[in-house]
Amino acid sequence: MEKNLYHNRLLQWLVYVVFFAALAVIPLVMDDAFLLNQLATYGVYGMLALSISLCWGFGGILNLGQGIAFGLGAYGMAMTMQMQTQDPEYSPIPPFMLNNGLDALPAIWEPFWNTGFGIALALIVPTVFYLIFGGLMFQARVAGPFFAIMTLAILSALATLFVDLQPYTNGVNGISPPAALDIGGFVIDPYMSTSYWVVFALLVLSTVAAKLLTQSRFGLIVQALHNDSERVRFLGYNVAIYETLVYAASGLIAAIAGCCFAFLTQYVSPAQFDVGFSISMVIWAAIGGRNSLLWAIIGAFLVQGAQSYVGDEFLNSWILILGFSFILIVRFLPGGLGGLAETLLGMVSRKRETQESLTVGAGEPETRGA
Amino acid sequence: MVGVLEIKDLHKSFDATKVINGFSLAVTEMTLQCLVGPNGAGKTTTIDLISGRQKPTSGEITFREENITGLSEHEIARRGIGRKFQVPAVFRELTVRQNLEVAYNRETSAVRNMFSFKPDGCAKRLEEIAADVGLTERLGIKAGTLSHGETQWLEIGMVLMQDPAMLLLDEPVAGMTEHEMDKTVEILNRLKKTNTIIVVEHDMGFVRRIADVVTVMHMGSLLAQGSIADIEKDERVREVYLGTEDDEESVH
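Taken in sequence, the protein lines are chains A and B. Numbers 1 to 370, taken from our numbering, label the letters of the first sequence in order. Numbers 1001 to 1252, taken from our numbering, label the letters of the second sequence in order.
These are computed hints drawn from the structure, not numbers from a lab. Note that this is a predicted model, so its numbers are computed, not measured. Just so it is clear, CB atoms sit at the ideal spot from N, CA and C, and this is done for glycine as well. Heads up, some of the hints might be wrong.
Unchecked claim - Derived pair list, reagent style SDA-like, types lysine to any residue, alpha-carbon separation capped at 20 Å:
| no. | chain 1 | residue 1 | chain 2 | residue 2 |
| --- | --- | --- | --- | --- |
| 1 | A | K211 | B | L1222 |
| 2 | B | K1142 | A | Q139 |
| 3 | A | K211 | B | F1117 |
| 4 | A | K211 | B | K1055 |
| 5 | B | K1055 | A | Q139 |
Claimed, not checked - If you want the footprint, here are the derived chain A segments under chain B, 3+ residues with CB under 8 Å:
| no. | stretch |
| --- | --- |
| 6 | 38-51 |
| 7 | 81-93 |
| 8 | 279-292 |
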């Protein structure tokens, strides 16, 4: 019987603890504000790769439009931050609206006067959007490449919409709130370790929640429908609801990432809805290993890290290097780096097992592999 | 007599082809009813129509005095109809244990299942059924690595985990060895004491060993129904079906 250490649940949690402990040490030993801000941004990319891994690797739903939730979340947060710097009496509307000929705050901006309400909207709007869109698609049994193309179409439509609604969104220039996010006196300065800690905590929280989701009965059924969704229906499960919920859960994580991105960069623009950016999220997850939440995060760190430090050397040819590595991974390592680790650990575990059975004999096979 | 499952004047056409043509059937509780007939008689389509995979063109299907015509697959499954496919459909990437766990469908709500890890009673039932279908030793391995016969048993086990009021088994012994078939006969004869079962089958030798009632279909309608002895005497049945069956057997 095969006992691969890679599949040992206890060991998996242990690796998560070590990984996040390592991330927690960084701000204690490093006080370069610029670098810390950059690393926090990587945390945002990690969340996005995590959300892709949950949706695609785990749920089997290829999603090329994760920028939908990311962008909506980022805009919601940027609008909240913008309104924090406005005053109901003296400057009730953001300057860019005046330049675009508006003389009153549009109704859609009104809820963002309240910070808590604004942040809630930044998370709820994309999640509800995913629930409705996913519900419609999965109920009609749209799947595979057709669903992926639909997400792309919606993403492009949103990008165009946000450019076109210039008076409300400041078009291609985007929104750049002049001050850091302030939650009831707690200021998240993007160039202080606070922002790193907030992103870190949210990354840990979403990873643990996603991991628990995969280990629940819901997770087991999603795994089954990833194998053969037709068969799951005949067991009495409403497949469309399961698919919609796993898609929406991944959307919620991407929306959280969007919020973090907005307070880290104090800037949001239609570039967040860029098709290329959403596709690179899929590439991070594929290179790291889409079947593993943790490896997908590592994939985002590696690719974005390489882009910042190696990519500068190659400039325009970076996208070629990225594309080429993607092809290599898809061809030779379909499970990504995580899949490689799985294979290697499987070989080690088997070797260990053979050695033990040689010394202990064939008895008590159940005590091994703990 | 009122059956647990009643089919009245069922019709199903694919474009111009009439596959089911005015088929009616009543299934009594705690019996094992075999659905036999030559290729293209509409046996599997009948199972598809009962389980909701296909929607009938016209006609009515009643289960436990409730009209289930046109309900979707999961709604019919929740009413207690479990089905096994002709080509065994198991989750190949999951372990045998996980396959059985998925089939334990006491709770089907997605939201409640998010907060559930070990459902009550699942482990105990799983051990019993694994022993019933002879897979206790294989629980830890991936279903994709099982032999063909074992895959068939796993799927029967999955149907049992659902604790259904009625089992629809589409060719449960297809591709099995003589020994594996003996074991399946034993399993089915045990199950029919407590379950209502419909088995679609080609192999008359197998039918003889399990059936309480045999229903013969031909060209999408009912040709004959009765005990296996009655059916084997029936001239029309011999003509359309058993004749060719005998030819096949003489080749073996």
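Hint check:
no.: 1; hint: A/K211 with B/L1222; result: violated (53 Å)
no.: 2; hint: B/K1142 with A/Q139; result: violated (30 Å)
no.: 3; hint: A/K211 with B/F1117; result: holds (12 Å)
no.: 4; hint: A/K211 with B/K1055; result: violated (39 Å)
no.: 5; hint: B/K1055 with A/Q139; result: holds (17 Å)
no.: 6; hint: 38-51; result: violated (count 0)
no.: 7; hint: 81-93; result: violated (count 0)
no.: 8; hint: 279-292; result: violated (count 0)
The structure fails to meet hints 1, 2, 4, 6, 7 and 8 from the earlier list, while all remaining hints are met.
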